[in-house]
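Protein chains in written order, with this note's numbering: chain B, 454 to 862; chain C, 4 to 513.
Hints in this document: simulated from the structure, not taken from any laboratory. All C-beta atoms, glycine included, are put in the ideal place defined by N, C-alpha and C. The reader is advised that the hints may include incorrect statements.
Simulated pairs of lysine to aspartate or glutamate, EDC-like, Cα-Cα distance not exceeding 20 angstroms [unchecked claim]: (1) K503/B with E552/B; (2) K517/B with D183/C; (3) K517/B with D396/C; (4) K637/B with D396/C.
Taking CB as the label site, the calculated pair distances span [to be verified]: (5) Q768/B with S177/C: 38 to 48 angstroms; (6) K755/B with V227/C: 58 to 68 angstroms; (7) T255/C with R634/B: 54 to 64 angstroms; (8) A488/B with T255/C: 28 to 38 angstroms; (9) N497/C with V836/B: 52 to 62 angstroms.
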Amino acid sequence: MKFRQIYLAVLLTVMSLTVSSCLSDDNATELTQNAVVSMTFKVDDVKEIKELEVEFTEVNTGMKTIEKAENTPYFSVALPVGSYRMSSEGIGILEDGEEVILGSKNEMLDITSQVTNVNIKLTVKQFTDDFIFEELFYTGFQTNEGKSYQTGRYFKIVNNTDRVLYADGLLIAQSDFMTTRDNKETPFILDEAFVCQSVMMLPGNGTDYPVEPGDFIVIADNAQNHNLPNVAGPDLTKADFEFPTLDGPKVQPDNPSVPNVDVIYTKMNFGMFVMHDRGYTGYIIARFPDGESVDSWLSEHKYDYSYLTGSGKEQSFSRYKIPNNWILDGVNNSIPDKLERLVTSAGIDSGFTYCATSDGDKGRYGKSVRRKGLGQNEFGREVYKDTNNSSVDFVPESRASLLDGIIHN
Amino acid sequence: MKKIVVNSISGLFVFILSLQTYAQHVVADSLYINRELQTNVYTEFGKEFFANRSYMYSAIPLSYSELNMNYQSDRKDAYLVQDGDGLDAFSVNTFSYQRLKGNKVIWGGASYKNQKQKNMMWNENMDRHILGPYVVGDSIGGTMKQDIYHFSGGIAKEWRKFTLGAEVTYTAKSGYREVDPRPKNTVSDLKVHLGITYNVFKDYEIGVYTHLNKYSQNSSLKFVNLLGKPIAYHLTGLGSYNYYFSSAVDMTNLYEGFGYDVGGTIAKNKGKDFVIQGAFGKFQVDKGIGSSPAKDMSKLETKKYTVSAVKYIDFEQHRLGAKVSYLLSESRGTEYFYSKVEKLETKIAEKELYKFVRSDIYTSIFYQYSTALSRFTVTPLFGVEQTDEKRRDTQVKQRFTYIHLGIEVDYLRSINTSSTISLKPYFKVRNLKETTERLKEFHYSPAMNQWVKQDYMINSANYFNCGLVVRYDFKVQNLPNIFVQTQFEQVKYNVNETNNFVSATLGVTF
Chain B
454 MKFRQIYLAV LLTVMSLTVS SCLSDDNATE LTQNAVVSMT FKVDDVKEIK
504 ELEVEFTEVN TGMKTIEKAE NTPYFSVALP VGSYRMSSEG IGILEDGEEV
554 ILGSKNEMLD ITSQVTNVNI KLTVKQFTDD FIFEELFYTG FQTNEGKSYQ
604 TGRYFKIVNN TDRVLYADGL LIAQSDFMTT RDNKETPFIL DEAFVCQSVM
654 MLPGNGTDYP VEPGDFIVIA DNAQNHNLPN VAGPDLTKAD FEFPTLDGPK
704 VQPDNPSVPN VDVIYTKMNF GMFVMHDRGY TGYIIARFPD GESVDSWLSE
754 HKYDYSYLTG SGKEQSFSRY KIPNNWILDG VNNSIPDKLE RLVTSAGIDS
804 GFTYCATSDG DKGRYGKSVR RKGLGQNEFG REVYKDTNNS SVDFVPESRA
854 SLLDGIIHN
Chain C
4 MKKIVVNSIS GLFVFILSLQ TYAQHVVADS LYINRELQTN VYTEFGKEFF
54 ANRSYMYSAI PLSYSELNMN YQSDRKDAYL VQDGDGLDAF SVNTFSYQRL
104 KGNKVIWGGA SYKNQKQKNM MWNENMDRHI LGPYVVGDSI GGTMKQDIYH
154 FSGGIAKEWR KFTLGAEVTY TAKSGYREVD PRPKNTVSDL KVHLGITYNV
204 FKDYEIGVYT HLNKYSQNSS LKFVNLLGKP IAYHLTGLGS YNYYFSSAVD
254 MTNLYEGFGY DVGGTIAKNK GKDFVIQGAF GKFQVDKGIG SSPAKDMSKL
304 ETKKYTVSAV KYIDFEQHRL GAKVSYLLSE SRGTEYFYSK VEKLETKIAE
354 KELYKFVRSD IYTSIFYQYS TALSRFTVTP LFGVEQTDEK RRDTQVKQRF
404 TYIHLGIEVD YLRSINTSST ISLKPYFKVR NLKETTERLK EFHYSPAMNQ
454 WVKQDYMINS ANYFNCGLVV RYDFKVQNLP NIFVQTQFEQ VKYNVNETNN
504 FVSATLGVTF
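One chain only, chain C, in its complex shape:
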């Protein structure tokens, strides 16, 4: 594997040098300039600092729009069982960013994606990263077909001292399967982002922002076969499930979520010198079962703290940057207890039984060298990620500490007056620094025990990830600029499993 990597890097550098030699006498064209501005370092390296939407005002110095079609295919040998072993997706995407008169910018986008999430088990829902452990699952599972619609629109305006930015995004999803077990999930996800900055002194500014999020997922699980069905569990994490409601006749669930983030920024020169940002967020998703009326089953409350900073330094054709970001996220699950001792079913207790804590710190630096015809960027990164998951009633826990190392290269090159090429190879390594676990085998479902063990094996594995994104833009007379992009990525685990990802995009920019 190392030999392949070395050969690939060597080949890449030879190719880059050959382009350099070929294009020495070519004059920079508007196509290259536009691509360079669209992918500037502030939107690429510093993208998390646009959480304050007022910074969208100075994100890109020109107007542009893009329409593209994308196909991607992910094949995994190493995977978490609930996420399935593959994904095939086709999408149509459009995005536009327009600078208007009166110190105003507007932006917006729309997309439609049709995808198949393959061979999921122990998960009949969508958005597992939001619902946490409280999904419905069974040992049969299958491939889920999903349709995803996304719309967004925003506006930012600058006055003498103030800049205001606002954006609304809406995502609608549906997921279903046409063989038993037959889930049907409908997701609605609305987000509102507001941000403001104020120029306090010279080009120093302070800012505040907020995000509001309203989320809901309606899900049902039906079985058409009249002779019987497999057991469907209301899972509660780490091999446990809700004993009271599992295998219920009515497997209709409603997940309702609401959350917010608030943050503050201190920046200089509209974030092009440095930005320091801190934010606090809270999100709660409640799970109910049945209808008329629905019964509370659980709630998952997540608190998130982030602190990040970035600094840019320019001298001549060189640009240097450094970024550090810290995230602490704590999710606590509370489950409701019911009783049938009395004639009517009553809720008798609620207990906080589940906890998931994540702590990440990432640092990266970048170096960029620009000429009239090319731009070369290299970004090494380093991170420490730690997760800790436990249940209080069963005393089951698992904890992982990872070291992440990586390097990304971005080379943008004008080939001639009507074409540009960009190459982005990247390499990342995840190394497990330490792990502790106290997993148990429960008697009621050997398949569930097997699932927990399988996921633990993947979570405690090291991997090497390498990939390459190649994009080619070209002008055709009297037509919008056309581009083709392809991506290949391979993740190789030290348990002799390999995942492969490919993607192809065809689009136009204008």
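For reference, chain B alone in the conformation it holds in the complex:
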């Protein structure tokens, strides 16, 4: 009996030794449930759409899908169920055969059913032969002790043309709306104008401040030397213009060698123009058209809007707007996984750029957004990329260029 038991025990062990794995190697592609999105693209004053590229970003997983189509304003794509941010770029052909670049604003779209139909309005992108943003530095610095140093910020604006331009009277504005929060303000106005929280105007009589082709001007928040023993900031004493705070509890020193801008409108106290340090806003460069002045603008371009909060309460605000056809260039800034909408028309900027990859990202200090260079032209001038899409025109999280000083080639 005992030998039989021993035999059974050994047999049990040997049998189990011969058992191999029970998991099959499943290499089959397992697709999640997909829905079909049918898109119809419309654009005013364009005869036909030559090509389109549509990017879908699913906001829960961050997964991007890019689809392309040619010679059609209609096409469909299969996407997994989810909530998407959608942006489009394309090329259209006008009645006279001219090709124009098209763009759309970021649409937010829920795909929950088997078939979803979407109508997308495209806008012809406007390009002007004038100044554009080369660099925006808004994050500031940390001191060696780890404290905040919120000055030493600047705009760097470049003449990307082949002729002399004059900086006199240029307008630089910061958006009132944030790219990280879509309150669905009414009336919706971004297709016609840019809503401002602050606007500055460069001084001059029209020909006081010439800028050569390829050259740049620096508008600093405070034209001082910020390269200090405990702060590795830029020396902005040679800035072309500055906008220091000259009133209130946080008065900044005024460099007598650097002309001050004129803050012609701001929602903030003490005439301040303060760049958002995490980059939640957009900026534009504009000019008053002939016949327009500060006073006429202030009297004719007020913008009142309202929105409902999450609890149903109505909030109302009064600001000013700059019509899109006055705008020379615009840049949307945000945080990649917090972007909810653009704050410019898609015709001015259909993308966004960034210095921070998360809210409170300590890595943003000392970083700027810089426009990509395409190399030098036949005249030896650096040419910058400008497709009115900051997502591709700018290099995010760049090292601030003026840390090495303001050097004109």
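Given the structure of chain B, go ahead and fit chain C onto it with the hints provided.
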């Protein structure tokens, strides 16, 4: 390395033989007998069969209690990034098993452990083995201090045909760090075990049992530095994360888990001849973010199937045993999708995107030879372990099949009437039989890509594990029996990395 192992084994046998020679004329004492009964083969080799708590009635034929203090230190060169590169722990433990009149036994224990889990990265939570991939993580991490309290109490009673057993265990844990990023985790883990056996014919019995488990972990992640913070991600496995909620201002999470196991046993002679056991278990842990109210983020549902059998054969001073056990565990993760298209944030979908399957089969046999003064046990073991992990949206997957081989030796020896010694050397080898992977590098975080690659390298490595546990018990007049125990273990990976573990325990038994 092989030379060291051979020399160690040779030295061990010489030592054992010398003890044998020395103790030939020593009479067995109660200290040795007690130690032999406390560490009998049924509680050591067949410990998984006490899942049916009614078998606790016949676990140990005598009453005893133990109180000990333990210090352990683990230093790793090869480690999974989320578990950190080391652990230092100090604990105080007590356990008692009492046979009472009226065919009743009670048992219980309590312990407190204070430990530091060192240099964890991509994991700001505790109990990663329960939460699965759905932990909060960042590339900074650090050492987490943890306090663990554990209480247990059980009772088993035998009637003519029935034996009933019940036990309640409760574990409370807290984990925190005092520099940024600052996690704070509080765990509550309650388990109830119930089991019953019925004597159907002669000494054959059938049994059923159930375990219920209620688990919760409250966690938060704060940053004191006002100037900014690193990105903290809600991870979802294999290099992915929840894009919607990551870098949220409120990093408060609540994990709620509930599960059960049900099983059945067929046994003979109260499990001392053979036991066949099968069980099915299910456990689900839900993750929510924020408060007032919390939003659902994910759920991880795990189903577990186990089948095991053990057989013991005694003849004269020899005892032979064989055991086989099979485990299949499947965890599926479902993630919730939100939208801000409308004014109010709404949940628009839930998708099953994560899967982790584990399949293990282990067999072992043991041989035991007992004399009046010593007991020698050798247990070779063999196992096949397979894991398969994948995500459906990114199509990332990794799969490993391992062969495990090992041998454990247990030698218990009475030295004289007032002291005993036990030596337990063990050797194990893990060999990677096959692996497949389809890993991707994602653009958003190079540090996360590096983590996934590092873990894959460790998971696909072979290792050789050897260790030794030595325990010395001695009587002191008019005092409880005292024991000291030390353990040393080394794990050597074939990627030129070595892990070392040491432990020291001082305790009393009475």
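Hints, one by one, checked against the model:
A threshold of 20 angstroms between alpha carbons decides the hint, and for K503/B with E552/B the separation of about 9 angstroms falls inside it, so the pair holds. The suggested pairing of K517/B with D183/C is violated, with an alpha-carbon distance near 32 angstroms, which exceeds 20 angstroms. At most 20 angstroms may separate the alpha-carbon atoms for a hinted pair to count; K517/B and D396/C meet this at roughly 11 angstroms. Under the criterion of a C-alpha separation no larger than 20 angstroms, the hint pairing K637/B with D396/C is inconsistent with the structure, at around 31 angstroms.
A C-beta distance of roughly 42 angstroms is found between Q768/B and S177/C, which places it inside the suggested range of 38 to 48 angstroms. At roughly 43 angstroms, the beta-carbon separation of K755/B and V227/C lies outside the given 58 to 68 angstroms, and the hint is violated. Look at T255/C against R634/B: about 21 angstroms separates their beta carbons, and that is not inside 54 to 64 angstroms. Taken as a hint, the range 28 to 38 angstroms holds for the pair A488/B and T255/C, whose Cβ atoms sit roughly 33 angstroms apart.
Taking the beta carbon of each, N497/C and V836/B are about 55 angstroms apart, inside 52 to 62 angstroms as hinted.
Going down the numbered hints, you'll see the structure goes against 2, 4, 6 and 7, while the others check out.
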